[in-house]
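Listed below are the residues making up each chain.
Protein chains: 2
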Amino acid sequence: MPYDLYYWPTIQGRGEFVRLALEDAGAAYRDVCRLKGVSAMDRFLRKDAFACPFLKSGKLVIPQTASILFYLGARLGLAPKSQNERLRLHGLQLTIADWLVEVHDTHHPIASSLYYEEQRAAARQRAAIFLAERLPKFMAYFERAAGSRFSYVHLSLFQMIEGLRYAFPNAMRRIERRHRKLVKLHDRVAARPRLAAYLASERRLPFNQQGIFRRYAELDET
Amino acid sequence: MPYDLYYWPTIQGRGEFVRLALEDAGAAYRDVCRLKGVSAMDRFLRKDAFACPFLKSGKLVIPQTASILFYLGARLGLAPKSQNERLRLHGLQLTIADWLVEVHDTHHPIASSLYYEEQRAAARQRAAIFLAERLPKFMAYFERAAGSRFSYVHLSLFQMIEGLRYAFPNAMRRIERRHRKLVKLHDRVAARPRLAAYLASERRLPFNQQGIFRRYAELDET
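So the sequences go chain by chain: A and B. Throughout, the working numbering is defined as the position within the first sequence, counted from one, plus 2. Throughout, the working numbering is defined as the position within the second sequence, counted from one, plus 2.
Think of the hints as simulated: they come from the structure by calculation, not from any bench. Computed from a predicted structure; not experimentally measured. Do not rely on the hints blindly, as some may be mistaken.
Pairs involving identical chains hold if they fit within one copy or between any two copies, as the list cannot separate such chains.
Unchecked claim - Each computed DSS-like pair below joins lysine-lysine, with the alpha-carbon atoms no more than 27 Å apart: (1) LYS49 - LYS38; (2) LYS38 - LYS83; (3) LYS61 - LYS139; (4) LYS139 - LYS83; (5) LYS61 - LYS186; (6) LYS49 - LYS83.
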């Protein structure tokens with residue numbers, strides 16, 4: 003039975019971290035809202051999940067990106083069997099989730115329900131501090147902690163770097179120079195055959211201004 | 003061997019969600035930084051954990067509050083044995099973690115590294131939208147999803163309500179009226195003998211203006 007992924011059909015967003023795992027593993031899955039529209043999510047959003055993405059695997063409904071990847075990791079061969087090592091990877095993935103919230107909040111520091119243009123001054127402040135203080139701290143941490151053994155965490159780190167390059171090309175040029183190990187990890191992931199095929203396919207949505215990673219030149223470094 | 007919890011020694015913060023689980027279960031643990039100071043965390047913060055809290059259990063170092071509770075839940079009898087049910091509880095706990103970030107960001111929408119007074123205007127905007135849109139949504143979700151069977155998630159929901167009452171007494175008076183089931187859940191948790199003893203002890207730090215839940219009258223409803 004294929005996995006059913008439920009997520010917004012027009013953005014990469016959080017769902018992309020799950021898509022990368024499913025695609026790299028060659029798993030059978032349906033990207034349900036791209037087939038049936040977003041209303042397919044409604045019946046799950048009262049109780050099974052506070053928000054998307056969530057994954058349906060048989061009768062089991064799993065919300066939260068990191069939890070989905072924890073579940074899929076062992077099943078898809080994207081994590082080792084050791085319980086302790088699986089827990090360690092999960093801790094890394096949860097830290098990536100925190101990092102992603104900070105990326106999102108660079109352009110929406112006040113509220114997701116307001117337009118960017120309504121919170122532009124706050125966004126400039128938040129983005130400047132994110133690029134100066136937080137981004138280098140996350141990059142340095144993952145450079146040390148990621149490890150050399152491939153797992154779903156490497157797929158997510160690939161996606162973070164892709165997204166950050168889209169959103170903050172200038173800042174990333176500066177910061178990547180100090181983190182060649184992480185850049186090499188990114189490049190190794192990009193060269194994985196099934197992943198490369200996915201990235202070149204129509205299934206890979208482009209980055210855009212509705213996703214988590216957005217390019218506003220005024221939020222980047224000059 | 004006792005568990006070693008590493009967290010800031012002067013605030014409840016994220017560490018409190020772990021303390022509540024350890025205390026309610028009557029587990030042997032050391033609150034390491036309250037015994038040895040915060041420098042005890044240093045050697046773990048390069049690679050094992052991006053931030054505190056983290057838990058040391060034998061040689062295993064577990065970062066991330068929700069992951070710590072996932073690990074402790076089964077060991078301390080605060081979660082059922084079923085893997086699917088444990089995963090469901092973990093999803094709820096991760097959603098509590100997201101909720102907590104939004105609480106924090108009501109007073110620090112621009113950066114944790116700036117003082118509240120430096121981001122007061124943005125905080126007022128963010129807090130107003132949080133109270134009007136997000137808080138009712140989280141409360142309604144957990145009222146439906148929490149379930150009646152006790153688990154560590156109930157301890158965390160107790161803490162959320164305690165914290166929110168401290169931070170936003172006016173808004174909570176309004177919102178709690180619509181969520182009597184969640185309030186009853188809170189009251190049942192508060193009456194658990196070991197937890198009640200902990201709450202009355204010196205080990206329970208008071209809420210204060212350095213934690214995640216802070217009381218700024220201007221951020222509350224009138």
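Structure-based check of each hint:
Proximity of LYS49 and LYS38 under a CA criterion of 27 Å is satisfied intra-copy only: 21 Å inside one chain copy versus 43 Å between copies. With identical chains, the CA atoms of LYS38 and LYS83 are never at most 27 Å apart, being 35 Å at best within one copy and 36 Å at best between copies. In this assembly of identical chains, LYS61 and LYS139 lie within 27 Å of each other by CA distance solely across copies; the values are 25 Å between and 40 Å within a copy. In this assembly of identical chains, LYS139 and LYS83 lie within 27 Å of each other by CA distance neither inside one copy nor across copies; the values are 30 Å within and 38 Å between.
When the C-alpha separation of LYS61 and LYS186 is checked against a cutoff of 27 Å, the pair qualifies neither within a copy, at 39 Å, nor between copies, at 30 Å. With identical chains, the CA atoms of LYS49 and LYS83 are at most 27 Å apart between copies only, with a shortest distance of 21 Å across copies and 31 Å within one.
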